[in-house]
Amino acid sequence: MSIETRDPLQHPEVQLARGRHYVGAYVVSLLLTGGPLWLVVRHLGTPRRLMIVVIASAAALTLVQGYFWLRLDFSRTQRWMTAALVLFIPLVVMTIGLTAWMFATLYARTMIPTLMHAPAFGH
Amino acid sequence: MLVDYPGPWTFLLGRLDAREIPLQNPILLWTFVLVSVGAVAVIGAVTYYGSWGYLWREWLTSLDHKRIGVMYCLLGVAMMFRGFIDGVMMRTQQLMAVGPKSPGYMGALHGYLPPYHFGQIYSAHGTIMILFAITPILVGIMNIIVPLQIGARDMAYPYLNAMSFWLTAAATGLVMISLFVGDFSHAGWVGLSPLTELAYSPGVGVDYWSWAVQIGGVGTTLASINIIATIIKMRAPGMSWTRMPIFCWTALSASVVGLSSFPVLTAAVALLSLDRYAGTHFFTPGLGGNLMLYTDLFWIWGHPEVYYVVLPAFGILSEIIPTFSEKPLFGYVTMAAASIAIGGVSWSVWLHHFFTMGAGPGVNAFFSIASMLVGIPTGVKVFNWAFTLYRGRVRFDVPMLWALGALVLLLTGGLTGMMLAMPAINYTVHNSVFVVAHFHNMLNVVGFACFGAINYWFPKVFGFRLDERTGKLAFWFFSAGTVVLFGSMYALGFMGMPRRMDYIPFTSWRPLLMGEEAGILLFLVASYYFVKQLFVSIRDRAKNRVTASDAWGTSRSLEWLTHSPVPFYNFAVQPHINSRDEWAWRREHGLGHVRPDRYEDIHLPDNTPLPVMLGACAFALGFGLVWRMYWLAASGLVGIVVLVIARSFQDGPGHTVPGARIRQMEASYAAAPGEVGAARDPVGGVAAWQTASAPRPRAGDGRPARP
Numbered sequence: 026m027s028i029e030t031r032d033p034l035q036h037p038e039v040q041l042a043r044g045r046h047y048v049g050a051y052v053v054s055l056l057l058t059g060g061p062l063w064l065v066v067r068h069l070g071t072p073r074r075l076m077i078v079v080i081a082s083a084a085a086l087t088l089v090q091g092y093f094w095l096r097l098d099f100s101r102t103q104r105w106m107t108a109a110l111v112l113f114i115p116l117v118v119m120t121i122g123l124t125a126w127m128f129a130t131l132y133a134r135t136m137i138p139t140l141m142h143a144p145a146f147g148h
Numbered sequence: 002m003l004v005d006y007p008g009p010w011t012f013l014l015g016r017l018d019a020r021e022i023p024l025q026n027p028i029l030l031w032t033f034v035l036v037s038v039g040a041v042a043v044i045g046a047v048t049y050y051g052s053w054g055y056l057w058r059e060w061l062t063s064l065d066h067k068r069i070g071v072m073y074c075l076l077g078v079a080m081m082f083r084g085f086i087d088g089v090m091m092r093t094q095q096l097m098a099v100g101p102k103s104p105g106y107m108g109a110l111h112g113y114l115p116p117y118h119f120g121q122i123y124s125a126h127g128t129i130m131i132l133f134a135i136t137p138i139l140v141g142i143m144n145i146i147v148p149l150q151i152g153a154r155d156m157a158y159p160y161l162n163a164m165s166f167w168l169t170a171a172a173t174g175l176v177m178i179s180l181f182v183g184d185f186s187h188a189g190w191v192g193l194s195p196l197t198e199l200a201y202s203p204g205v206g207v208d209y210w211s212w213a214v215q216i217g218g219v220g221t222t223l224a225s226i227n228i229i230a231t232i233i234k235m236r237a238p239g240m241s242w243t244r245m246p247i248f249c250w251t252a253l254s255a256s257v258v259g260l261s262s263f264p265v266l267t268a269a270v271a272l273l274s275l276d277r278y279a280g281t282h283f284f285t286p287g288l289g290g291n292l293m294l295y296t297d298l299f300w301i302w303g304h305p306e307v308y309y310v311v312l313p314a315f316g317i318l319s320e321i322i323p324t325f326s327e328k329p330l331f332g333y334v335t336m337a338a339a340s341i342a343i344g345g346v347s348w349s350v351w352l353h354h355f356f357t358m359g360a361g362p363g364v365n366a367f368f369s370i371a372s373m374l375v376g377i378p379t380g381v382k383v384f385n386w387a388f389t390l391y392r393g394r395v396r397f398d399v400p401m402l403w404a405l406g407a408l409v410l411l412l413t414g415g416l417t418g419m420m421l422a423m424p425a426i427n428y429t430v431h432n433s434v435f436v437v438a439h440f441h442n443m444l445n446v447v448g449f450a451c452f453g454a455i456n457y458w459f460p461k462v463f464g465f466r467l468d469e470r471t472g473k474l475a476f477w478f479f480s481a482g483t484v485v486l487f488g489s490m491y492a493l494g495f496m497g498m499p500r501r502m503d504y505i506p507f508t509s510w511r512p513l514l515m516g517e518e519a520g521i522l523l524f525l526v527a528s529y530y531f532v533k534q535l536f537v538s539i540r541d542r543a544k545n546r547v548t549a550s551d552a553w554g555t556s557r558s559l560e561w562l563t564h565s566p567v568p569f570y571n572f573a574v575q576p577h578i579n580s581r582d583e584w585a586w587r588r589e590h591g592l593g594h595v596r597p598d599r600y601e602d603i604h605l606p607d608n609t610p611l612p613v614m615l616g617a618c619a620f621a622l623g624f625g626l627v628w629r630m631y632w633l634a635a636s637g638l639v640g641i642v643v644l645v646i647a648r649s650f651q652d653g654p655g656h657t658v659p660g661a662r663i664r665q666m667e668a669s670y671a672a673a674p675g676e677v678g679a680a681r682d683p684v685g686g687v688a689a690w691q692t693a694s695a696p697r698p699r700a701g702d703g704r705p706a707r708p
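Chains A and B supply the protein sequences, listed in that same order. Each residue of the first sequence is one higher than the one before, starting from 26 at the first, in our numbering. Each residue of the second sequence is one higher than the one before, starting from 2 at the first, in our numbering.
So here's chain A without its partners, still in its complex pose (with noise of 0.2 Å):
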């Protein structure tokens, strides 16, 4: 079931490292994480949509970090660890998607919807 060895360096994981992978992927996340943050600090355009771009920055920051850093794949040795990616994104999903729901009922609902318009809240 699993594949037998005692050398580290010989860990599938490991063969499969690649050092342009790993300096393009870190390249390309710098750019990723300070592109939105530029643009945040700047200023340049409204909350929603900055909001938009930090959030699909994120995304392609994971894809990335994720295929070239983490090795996340289809072949023998690295389904598991893509399996234990895809079945995690739901709980993500989830546990966001449920808090978001019960705190926009609560602040409808209770003593916040005044700093819901608060500057803190982008209103």
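Any given hint could turn out to be false.
Unchecked claim - From the derived model, a few chain A residues whose C-beta atoms are all more than 12 Å from chain B:
{"hint": "1", "residue": "Ser54"}
{"hint": "2", "residue": "Gly59"}
{"hint": "3", "residue": "His68"}
{"hint": "4", "residue": "Gly70"}
{"hint": "5", "residue": "Val78"}
{"hint": "6", "residue": "Ala81"}
{"hint": "7", "residue": "Ala83"}
{"hint": "8", "residue": "Ala84"}
{"hint": "9", "residue": "Ala85"}
{"hint": "10", "residue": "Trp126"}
Said to hold, decoys possible - Chain A is nowhere near these chain B residues, computed Cβ spacing over 12 Å in every case:
{"hint": "11", "residue": "Pro7"}
{"hint": "12", "residue": "Ala46"}
{"hint": "13", "residue": "Ala230"}
{"hint": "14", "residue": "Asn291"}
{"hint": "15", "residue": "Gly393"}
{"hint": "16", "residue": "Thr471"}
{"hint": "17", "residue": "Phe524"}
{"hint": "18", "residue": "Asn579"}
{"hint": "19", "residue": "Pro597"}
As the list claims (entries may be wrong) - Short derived list, chain A residues pointing at chain B, Cβ under 8 Å:
{"hint": "20", "residue": "Trp105"}
{"hint": "21", "residue": "Met106"}
{"hint": "22", "residue": "Phe113"}
{"hint": "23", "residue": "Leu116"}
{"hint": "24", "residue": "Thr120"}
{"hint": "25", "residue": "Thr124"}
{"hint": "26", "residue": "Met127"}
{"hint": "27", "residue": "Thr130"}
{"hint": "28", "residue": "Leu131"}
{"hint": "29", "residue": "Arg134"}
{"hint": "30", "residue": "Thr135"}
Hints were generated in silico from the structure; no laboratory data involved. Idealized CB from N, CA, C, for every residue including glycine.
Place chain B on chain A using the hints.
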């Protein structure tokens, strides 16, 4: 010093000074004396018998999953006693502080515990029982049993396994030292927000709690990774998913839950620590912070944690009940599916812990329905156990008694859980002791399963059975205590008694409070019999020695194939799996004692002190941060980094036990079954098959060829 807090600070000792040692409190003083005497006695005994080397070589530095599992269990049982004493103190305080005329002692207006001390005790009780008692016991049992049930030599990552344990031990050490240096959190085991913020809790109590939870959380997350990897990658040939024992299914489901939920807790408490140390405002009410966000994050972990502990308990019941019903488990496939389903649904129910927050009716309805859905797979399990018992040849050995007790408790706990899943009822009983009775009811299911597991697998690990008579007495007193204590608590909940009260204003509640006290005294008697059971069993181990691999004669799964106690290499040859209940299949086909023609060399990892040292550094990091001794915290952190780097450079090829040596050991065991174990060793069999008896590695032994 990043934020302002009251009190002096020095570079060397941070916030610590002599006044933080609570010598003026007679309870803590006497506890300190008692613990000191106990520690001196233990250290003296180990020194007298010259066992330090043995302890270090064979236990503290061990990477053997069985030894690490035993250490987890010992840690958990010791902490369970500590948490239990907290429970006794709480019940006694509540009974003494009823009505305005109740007298006060030792600085308390009523009863003997001032509110601040009472707050620390209930906070410590909850934190300890859930995170540092039940969780380590279950992780320990999974550690011992999972590799044996799947036919593996060890966990997938033996080093990580030891590291997980020592991180848990470091966290436990922080909780324990808070008894005598400083104080513990008074903000409940959940860390009630914003009470945990620096403005409302300026002492070090919350810091002790938060760093213990964070370090322990890392340990449990790593343990979950290990168990998942072990089950997925280390199964013996022939063990397909549908041949895997149910306990492994529940361990897998629980570990997925643990892996995905514990980081949320660690992150939530880390954000709280940023609030307290760096002056951020994640959970402060104002400046953009949101205190309910903490509650939300805490329960995103908190409810899956319930299933993290209850799923292995269900697995234990699924192993014990078929053995003592002398028939296969009913509905294997549905049982496995139910285990995964419970783990899955556990992620969508957490809001029911704070229905009263004020979320909209749609939200409450969603979480209410999701919470009730848990009842479906759980109901499947209960019916499967019932059908396993039906027309079985039921024997009432001690493990079975605990398992049946757990079933009864599951029924009452499940039904009251259904009540609490309804927002209308929940609004009525929220924050009352009805809730406390419900979750103690459910955690007692886990507790009963743990005691059942200890009795059930003890002979497998140590080579002799636990004493039946004292075991039964422990069970009956514990059961009686459960009914009397939590029956009274349910009733008090219906009468409207709020939880966490240090003073009870209504004298009409006194009879039921007396009932609670009587219940906990019954627990005290049960504890006595449990300790006595261990003592009597160790004393009479020759009488209770197990001479066959199967201690109960009707066991079914793979761990009963190998010797009792289990040798350090687990299986002399890697077993090939032919059936779902492999041991039962071999027994029924007359293959139980077939010996192989040929033994292969067995490769095992070398012991290493690095995990202990990592644990010590984690403790230093936590203690330094609690007292804001930044030099100590930095030293601990640097130590951790250095040790991790050192490990990556460490050439640890392990050692190889030659097949001839294995043949020799197997032959000696076959010639005198049971003789090798308990007879030679005062603490039983795990130590009997010492790794020390295996040849130590010579230069180049087992060393892999470099590419």
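Quick rundown of the hints versus the structure:
{"no.": "1", "hint": "Ser54", "result": "holds (21 Å)"}
{"no.": "2", "hint": "Gly59", "result": "holds (23 Å)"}
{"no.": "3", "hint": "His68", "result": "holds (18 Å)"}
{"no.": "4", "hint": "Gly70", "result": "holds (21 Å)"}
{"no.": "5", "hint": "Val78", "result": "holds (21 Å)"}
{"no.": "6", "hint": "Ala81", "result": "holds (23 Å)"}
{"no.": "7", "hint": "Ala83", "result": "holds (16 Å)"}
{"no.": "8", "hint": "Ala84", "result": "holds (20 Å)"}
{"no.": "9", "hint": "Ala85", "result": "holds (23 Å)"}
{"no.": "10", "hint": "Trp126", "result": "violated (6 Å)"}
{"no.": "11", "hint": "Pro7", "result": "holds (29 Å)"}
{"no.": "12", "hint": "Ala46", "result": "holds (40 Å)"}
{"no.": "13", "hint": "Ala230", "result": "violated (9 Å)"}
{"no.": "14", "hint": "Asn291", "result": "violated (8 Å)"}
{"no.": "15", "hint": "Gly393", "result": "holds (34 Å)"}
{"no.": "16", "hint": "Thr471", "result": "holds (43 Å)"}
{"no.": "17", "hint": "Phe524", "result": "holds (37 Å)"}
{"no.": "18", "hint": "Asn579", "result": "holds (17 Å)"}
{"no.": "19", "hint": "Pro597", "result": "holds (20 Å)"}
{"no.": "20", "hint": "Trp105", "result": "holds (6 Å)"}
{"no.": "21", "hint": "Met106", "result": "violated (11 Å)"}
{"no.": "22", "hint": "Phe113", "result": "holds (7 Å)"}
{"no.": "23", "hint": "Leu116", "result": "holds (6 Å)"}
{"no.": "24", "hint": "Thr120", "result": "holds (5 Å)"}
{"no.": "25", "hint": "Thr124", "result": "holds (6 Å)"}
{"no.": "26", "hint": "Met127", "result": "holds (4 Å)"}
{"no.": "27", "hint": "Thr130", "result": "holds (3 Å)"}
{"no.": "28", "hint": "Leu131", "result": "holds (5 Å)"}
{"no.": "29", "hint": "Arg134", "result": "holds (5 Å)"}
{"no.": "30", "hint": "Thr135", "result": "holds (4 Å)"}
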